[in-house]
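So you can see what is in the structure, the chains are spelled out below.
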Amino acid sequence: MKNGSCVEVRLPSELGFEKVALSTAASMASLMGFSNDRVEDLKTAVAEACINAIEHGNQLDDSLSVGVMLSTTDDGLEVRVMDDGLGVGEAPAAPDMDRKMMGEEDPRGMGMFLIQALVDEAEWHKGPPGRSFVRLVIRLDKENK
Amino acid sequence: MKNGSCVEVRLPSELGFEKVALSTAASMASLMGFSNDRVEDLKTAVAEACINAIEHGNQLDDSLSVGVMLSTTDDGLEVRVMDDGLGVGEAPAAPDMDRKMMGEEDPRGMGMFLIQALVDEAEWHKGPPGRSFVRLVIRLDKENK
Amino acid sequence: MQAATKVTERTATAASGSGVTILAFAGDIASTSKDAIMEAYHGLGPSADKVLLDFSGVDYINSSGIAIIIQMLLEASKSGQRSVGIFGLTPHFNKVFTMVGVAKYATMSADEAAALAGL
Amino acid sequence: MQAATKVTERTATAASGSGVTILAFAGDIASTSKDAIMEAYHGLGPSADKVLLDFSGVDYINSSGIAIIIQMLLEASKSGQRSVGIFGLTPHFNKVFTMVGVAKYATMSADEAAALAGL
Ligand SMILES: Nc1ncnc2c1ncn2[C@@H]1O[C@H](COP(=O)(O)OP(=O)(O)O)[C@@H](O)[C@H]1O
Ligand SMILES: Nc1ncnc2c1ncn2[C@@H]1O[C@H](COP(=O)(O)OP(=O)(O)O)[C@@H](O)[C@H]1O
Chain A
10 MKNGSCVEVR LPSELGFEKV ALSTAASMAS LMGFSNDRVE DLKTAVAEAC
60 INAIEHGNQL DDSLSVGVML STTDDGLEVR VMDDGLGVGE APAAPDMDRK
110 MMGEEDPRGM GMFLIQALVD EAEWHKGPPG RSFVRLVIRL DKENK
Chain B
10 MKNGSCVEVR LPSELGFEKV ALSTAASMAS LMGFSNDRVE DLKTAVAEAC
60 INAIEHGNQL DDSLSVGVML STTDDGLEVR VMDDGLGVGE APAAPDMDRK
110 MMGEEDPRGM GMFLIQALVD EAEWHKGPPG RSFVRLVIRL DKENK
Chain C
225 MQAATKVTER TATAASGSGV TILAFAGDIA STSKDAIMEA YHGLGPSADK
275 VLLDFSGVDY INSSGIAIII QMLLEASKSG QRSVGIFGLT PHFNKVFTMV
325 GVAKYATMSA DEAAALAGL
Chain D
225 MQAATKVTER TATAASGSGV TILAFAGDIA STSKDAIMEA YHGLGPSADK
275 VLLDFSGVDY INSSGIAIII QMLLEASKSG QRSVGIFGLT PHFNKVFTMV
325 GVAKYATMSA DEAAALAGL
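Protein chains in written order, with the numbering used here: chain A, 10 to 154; chain B, 10 to 154; chain C, 225 to 343; chain D, 225 to 343.
If you're looking for bench data, these hints aren't it; they were derived computationally from the structure.
Misleading hints may appear alongside valid ones.
Counterexamples of contact, computed for chain C against chain A with all Cβ distances above 12 Å [what the hints assert, rightly or not]: (1) S242; (2) G243; (3) A264; (4) I290; (5) G325; (6) A327; (7) S333; (8) A338; (9) G342; (10) L343.
Heads up, incomplete: computed chain B residues facing chain D, CB under 7 Å, no partners named [said to hold, decoys possible]: (11) E49; (12) E57; (13) K109; (14) P116; (15) P138.
Each pair of labels, with its calculated beta carbon distance range [unchecked claim]: (16) D107(B) x T237(D): 30 to 40 Å; (17) P137(B) x A228(C): 43 to 53 Å; (18) A228(C) x D273(D): 49 to 59 Å; (19) A103(A) x M262(D): 28 to 38 Å; (20) G112(B) x G139(A): 50 to 60 Å; (21) S242(D) x D46(B): 35 to 45 Å; (22) A334(C) x D105(A): 45 to 55 Å; (23) D105(A) x A228(C): 29 to 39 Å; (24) T237(D) x S242(C): 27 to 37 Å; (25) T322(D) x A327(C): 43 to 53 Å; (26) Q68(B) x V146(A): 27 to 37 Å; (27) R117(B) x P101(A): 38 to 48 Å; (28) S303(D) x P137(B): 26 to 36 Å.
Ideal Cβ positions, reconstructed from N, Cα and C, are used throughout, including at glycine.
Chain A on its own, in the form it takes in the complex (with noise of 0.2 Å):
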């Protein structure tokens, strides 16, 4: 497979629509050779990625279409969500299980702090309209360890 192979997935701003995304994500980097633990990791992430992304950025909007990109790197494969929102800066803190069983915090907000915790690098960008997106990598080298 050649270093910079790129895979452009369009979904539309409809839940669900994320398991799409993360079959095309899983079989790319099958393809690549990851684990299956690897796998099921970014499978986690690009679907979490890609609700925000519906939910948040494109806010349900019938007629915003989430752009998903897979490419291949020297030593692994990069994700691009991108969505027509704002965007959003760093991850909020991680969640606080105490607190929610309080009743303290929302249940949910645990999106982007699964993404970091499951991917080997991830970044926020907030861009202009249409331009705001997450950044996620998954490297190979981590597989040998």
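Given the coordinates of chain A, work out where chains B, C and D with the ligands should sit on it, guided by the hints.
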């Protein structure tokens, strides 16, 4: 799921990437409620269409990509596989295994036959470069027969 | 486009001899699962003090789905008299549930036998 | 981007008592499989007159891959003294092999036991 929801995939013109398109199509068809049997039929049809687009349409040219459009319709899933070649007219004659076994026919040449045999509709369109495509349809009502 | 969540209730007997209520999930565990899951939970009788959630029929779970499970654990904890255990998660989702801290409030077991042995 | 095809040779005994050579495939069966498959086939000794192809480890087969199998069947048929059988295909690929006519020239069995029983 809304009628007219559309997922688009762009693949590099490199053999092997048909498997990424096949996974995307399979995931979308599963979400739509197609049975595993029909999903398997679709996977093979989409893979063969992408292989032809990569090999014959785009002639393995790095700089060209293959477009796969997956759209939900009233009663099924429509897939268009587009390449930058001149396209192809009707499907060739069905493979003749006896002639292949006599060495009188190329062992290859089964892709278009399989596509036609596995989906409910298959149509090849010759277009201006970049607009040649094959259109495949699988219908949900066939599920209940 | 989400696979509807199915929840099936069944009963089993723990190693200690007491009755256990099992809620078995099938389909997706996502935001759309909220009604199915919470209705099944709210339908449990007051005598159901040992509850197990069976995820072995589930293949897709996202963070909105986990939030529903947390909501349920919160209600169980508020009631003060109901324990909730979890089994049948894939190794990946076992890791994910542990990462977000669910494992602190629900005993996680590999399968039904292990879950019942611990009750 | 194709998963390399692995071919493993093993031997078994048919119901009739005669020796059978099994070529077990793993990975993809696609255009890139040609060398792996044909080298394994050409490496078979002349005494290997009963050959079975085991597809149970294969999850992706495309029409270029089937063409390689046809090429092998053609060579076997030309040799005049080698029978080739196939087993371990999924129901889908069983259907596909039948559609293109491979089943006319190779006995298709569900699994190894059924294939050996027929030889
Ligand atoms: N793509 C995005 N565009 C705009 N805001 C976002 C995006 N992704 C996340 N956010 C913001 O960050 C918050 C935390 O996201 P997350 O951790 O995934 O949890 P949740 O989606 O459950 O709220 C969201 O509630 C939202 O305000
Ligand atoms: N997308 C396409 N663009 C141009 N020509 C095509 C395309 N798809 C198929 N063809 C032509 O049709 C022929 C038959 O295709 P197919 O039945 O798939 O078998 P194979 O690809 O093994 O030759 C090809 O050899 C090629 O000449």
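- Honestly, which of those hints from before does the structure not fit? Violated hints (numbers, rising): 4, 5, 6, 15, 19, 22, 24, 27, 28; every other hint is consistent with the structure.
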